[in-house]
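Please build the complete structure, drawing on both the sequences and the hints.
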Amino acid sequence: QKEVEQNSGPLSVPEGAIASLNCTYSDRVSQSFFWYRQYSGKSPELIMSIYSNGDKEDGRFTAQLNKASQYVSLLIRDSQPSDSATYLCAVNTGNQFYFGTGTSLTVIP
Amino acid sequence: DTEVTQTPKHLVMGMTNKKSLKCEQHMGHRAMYWYKQKAKKPPELMFVYSYEKLSINESVPSRFSPECPNSSLLNLHLHALQPEDSALYLCASSLTQGHEQYFGPGTRLTVT
Numbered sequence: 001q002k003e004v005e006q007n008s009g010p011l012s013v014p015e016g017a018i019a020s021l022n023c024t025y026s027d028r029v030s031q032s033f034f035w036y037r038q039y040s041g042k043s044p045e046l047i048m049s050i051y052s053n054g055d056k057e058d059g060r061f062t063a064q065l066n067k068a069s070q071y072v073s074l075l076i077r078d079s080q081p082s083d084s085a086t087y088l089c090a091v092n093t094g095n096q097f098y099f100g101t102g103t104s105l106t107v108i109p
Numbered sequence: 110d111t112e113v114t115q116t117p118k119h120l121v122m123g124m125t126n127k128k129s130l131k132c133e134q135h136m137g138h139r140a141m142y143w144y145k146q147k148a149k150k151p152p153e154l155m156f157v158y159s160y161e162k163l164s165i166n167e168s169v170p171s172r173f174s175p176e177c178p179n180s181s182l183l184n185l186h187l188h189a190l191q192p193e194d195s196a197l198y199l200c201a202s203s204l205t206q207g208h209e210q211y212f213g214p215g216t217r218l219t220v221t
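From first to last, the protein sequence lines stand for chains A and B.
Under the numbering used here, the residue at position 97 of the first sequence is numbered 97, and the numbers go up by one with no gaps.
If you want the numbering used here, it's the position in the second sequence, counting the first as 1, plus 109.
Read the hints as simulated data drawn from the structure, not as lab findings.
Hints are supplied without guarantee of correctness; some may be wrong.
[As the list claims (entries may be wrong)] Only some residues are given here: those of chain B computed to face chain A with a beta carbon under 7 Å:
id, residue
1, Met-122
2, Gly-123
3, Pro-151
4, Pro-214
Ideal Cβ placement from N, Cα and C applies to all residues, glycine included.
This is the structure in structure tokens:
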């Protein structure tokens, strides 16, 4: 079983819709959780970090963490074509940092 | 400022060449990382330096040799690479291991 799993997609949503990206992890001692956005040919860009259960909002982005279910998600409200990218979930277990395989998101104008 | 810089942006090298990749940050971060990324794959961790000491080596072939001269700089020395080593090489830094990582723009390496 992989440490971090994501649906690879591709996920397509119309402009203005909510995009929902999901991630599960296997190590219960995981301490911190991150979402990165990566445009084609570019490096990953940190967009959200979350450390405790519940929701964390930053502009159009909301990260949700449920440690009991070992689940973290990212919601993108009012999706824009510029949000089209690969979204990487990352989990830190204290000493190791694991990336999921990424979900490709396309926002259709 | 959350900037990590990497040089060069692009590098083409033959299999007998020796070259180095450089990474620099001035955020006071004490953990620095090298990743390798192939197309349509997630970043693959190679090395971690924590407080200028090698903390993690993910069984990387010896043709890759990391070096951390000081807390702001990280180098990756390359020697006798293979064509399959062609990839995007990413440097990242974080306050300490476990904190969010900030990535540099990467070096696109092509081995001919």
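Hint check:
no.	hint	result
1	Met-122	violated, 20 Å
2	Gly-123	violated, 24 Å
3	Pro-151	holds, 4 Å
4	Pro-214	holds, 5 Å
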